[in-house]
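J.: So the chains spell out like this:
4 protein chains.
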Amino acid sequence: MTTHSAVSLSGPGRLEAFSDGVLAIVITLLVLELKTPHLVAPDDAREALAALAALGPKFLSYLLSFVFVAIFWVNHHRFFRLVQRVDNGLLWLNILLLLALSFVPFPTSMIGEYPGNAVGLALFALVLMTAGLAFNLMWRHARSHQLYHAGVSPVAVAQATARGLVGPALYALAAVLAFVLPLAAWVLFGVIPLFYVLQRIGSAGK
Amino acid sequence: MTTHSAVSLSGPGRLEAFSDGVLAIVITLLVLELKTPHLVAPDDAREALAALAALGPKFLSYLLSFVFVAIFWVNHHRFFRLVQRVDNGLLWLNILLLLALSFVPFPTSMIGEYPGNAVGLALFALVLMTAGLAFNLMWRHARSHQLYHAGVSPVAVAQATARGLVGPALYALAAVLAFVLPLAAWVLFGVIPLFYVLQRIGSAGK
Amino acid sequence: MTTHSAVSLSGPGRLEAFSDGVLAIVITLLVLELKTPHLVAPDDAREALAALAALGPKFLSYLLSFVFVAIFWVNHHRFFRLVQRVDNGLLWLNILLLLALSFVPFPTSMIGEYPGNAVGLALFALVLMTAGLAFNLMWRHARSHQLYHAGVSPVAVAQATARGLVGPALYALAAVLAFVLPLAAWVLFGVIPLFYVLQRIGSAGK
Amino acid sequence: MTTHSAVSLSGPGRLEAFSDGVLAIVITLLVLELKTPHLVAPDDAREALAALAALGPKFLSYLLSFVFVAIFWVNHHRFFRLVQRVDNGLLWLNILLLLALSFVPFPTSMIGEYPGNAVGLALFALVLMTAGLAFNLMWRHARSHQLYHAGVSPVAVAQATARGLVGPALYALAAVLAFVLPLAAWVLFGVIPLFYVLQRIGSAGK
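Chains as they are written, first to last, in my numbering: chain L, 1 to 206; chain U, 1001 to 1206; chain P, 2001 to 2206; chain E, 3001 to 3206.
A couple of the hints might just be wrong.
[To be verified] Calculated lysine-lysine pairs in the BS3-like style (CA-CA distance at most 25 Å, straight line):
| no. | chain 1 | residue 1 | chain 2 | residue 2 |
| --- | --- | --- | --- | --- |
| 1 | L | K35 | P | K2035 |
| 2 | U | K1035 | L | K35 |
| 3 | U | K1035 | P | K2035 |
| 4 | P | K2035 | E | K3035 |
| 5 | U | K1035 | E | K3035 |
These aren't lab readings, by the way, just hints derived from the structure by calculation.
From just these sequences and the hints, can you work out the full model?
T.: Rendered as structure tokens:
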């Protein structure tokens, strides 16, 4: 259907809007994994508290996934502010990123249900690693195909692209840790976004 | 990834669109908590009516949450009409607001299922209180970081920010009431939006 | 929070975007009511066909609701093309419309599960009637508060507003028919959108 | 409600936004079909791996549907870049396309649950065929009603419209194959998007 020069998706507008939609839905669907616990005595506050406490890993996995997807959303927008033109390669790498992120609710549910199972934790880590790598490929593709705005510094882009591998490396580490010591994988999942968000807020005034 | 001055999210456009998406999804997902009741006699109108009547607390919790989220959506837009610039702090406070609001379906389901349980009611109140406080922090952050449009009156902003604490205070009261008299918490949940909406409609012509 | 004249929602842009989001979600969530049937012999085509045939009322209720919500979406946009300004009254009437339409999946599920039960059919009709009345109130409110564009003909608006009561009247009739002869209510549900869509396509060239 | 010349939906803006919303939701809802498997030994990695392996057809059907909907989304946008004006016919053909695509989660779930059942596979193929035909009717309608931009080449549009029948023909073939050899239908489902995506990426630089 490359019938006309106008057919190619030129600006990032629609791709951003579609990605926004997907990420907004992913981040909101996560709550559907949290089911109201069954109470024997409907009005018993103690039993309800105990039932909520038993859902601890589910709440934690919900919170983690929410924050991870939110970070991807923030980074996605920062990236597209640098991009002037979208070609087919970037379009499909972006769809790969959305595929990974829209799959997140499944491993989220697994680690919430089986917090001590290495396979669920490794799957959670690998899905985030895939998303991180897809995003990194977007940075690289945009550089090699000159998709950035004219004023964007090539050195800065190269630095950001290199830094973008830190996330996937940490997720790979978490996938390995899951099989050695599941708790360590959980701690790492908690530290990554905390580190990221604090760093962001720290640079807020700049 | 602060590679370039253009990287910072300057205008509120994308943040509003993403928030719109999340709130539209939250408000629409609420209906998934309402499951078709099981009928022994499929064509029996009397049994169906009785089954729907038994779902009363679920319908009520659905209606309450819908209206609360709608009010947050209206206020969110009013706020962003005053804002000229979004910095990292405001971005993450907004994500905190979305986290609280996208969690709403869980306590909504709890109070619908166990309308007399203090823990569910208190959780519902605390989630709304968290959303209200996150929103209030957004007002304060925008003031202290000069994010408002030039023409916005500082006195009016200060008054609105102070008024914005009434909601969280009422939610805190509801959380306490839940443990004393659950019905009083329900009444308070019903009165807050009614008061808000009527006040709004009353000022429609201004 | 009426701190500033710029606070009032002036144009219909954001309200339309939010309504679009809600209606897109409602129309897409409907499919979640359709559950894969259980098959005793997983590879048996005959059993699968019989199981799908047994889901007939569910498919039909899915199709009906999809078309009804789509018609509301089309009409919603036609309306907002005439509107220049949104005030608080119109904002909250629009939220009432969204409340009714986002509730549609519940009665859709009921009539799919219990196609012969008068209560489900009447509830389905009453929810659509409420949506139709909310929409009609929007037309009236916009007229009495001068929210239309300058070039919009008052006579044409008055005619459209009067015609807008035909839908709610037919839904009310369906609610009554449900208790007399459920099948007649189904037929009426099928005729209303067919009539509407054919009329629309007929006027496509104008 | 054709009260005013401004009532007709002129540009494709809102229709694209609404379609974006529906497709983003469909593509994200697919993950809800993937349920956490039940494990007897919560921490047993071997059992978890075996349980995930047993979900193989579900993962595959998820992946296929994601890619099919993504391709429709890409094509939808390419099409609307050629379109200057939307009339009622195009509007309702687009709604027919959305109806078919928003139904995709149901046959996706069926082929994931019963990968060897001809009926599920044929239904999956027929739903995609319907979407492909609706989309092809949109191309034809836009041509016969002069809805394209002035600069769009009629020959190129005619070629693209003819090429647009390849997809539906392949889906029809898959529906037939499903009853002869289910595995062949699966292979065909896998080959169609692979072929499409590779062709796209191959023409990325043009």
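J.: All hints, please: hold or fail.
T.: We went through each hint and held it up to the structure:
At roughly 19 Å between alpha-carbon atoms, K35 of chain L and K2035 of chain P fall within 25 Å of each other, so this suggested pair holds. For the hint pairing K1035 of chain U with K35 of chain L, the CA-to-CA distance comes to about 13 Å; that is within 25 Å, so the pair holds. Annotation: proposed proximity of K1035 of chain U to K2035 of chain P holds, straight-line Cα distance about 13 Å (limit 25 Å). Restraint check for K2035 of chain P and K3035 of chain E: satisfied, since their Cα atoms lie roughly 13 Å apart, inside the 25 Å limit.
For the given pair, K1035 of chain U sits about 19 Å from K3035 of chain E by alpha-carbon distance, which is consistent with the 25 Å threshold.
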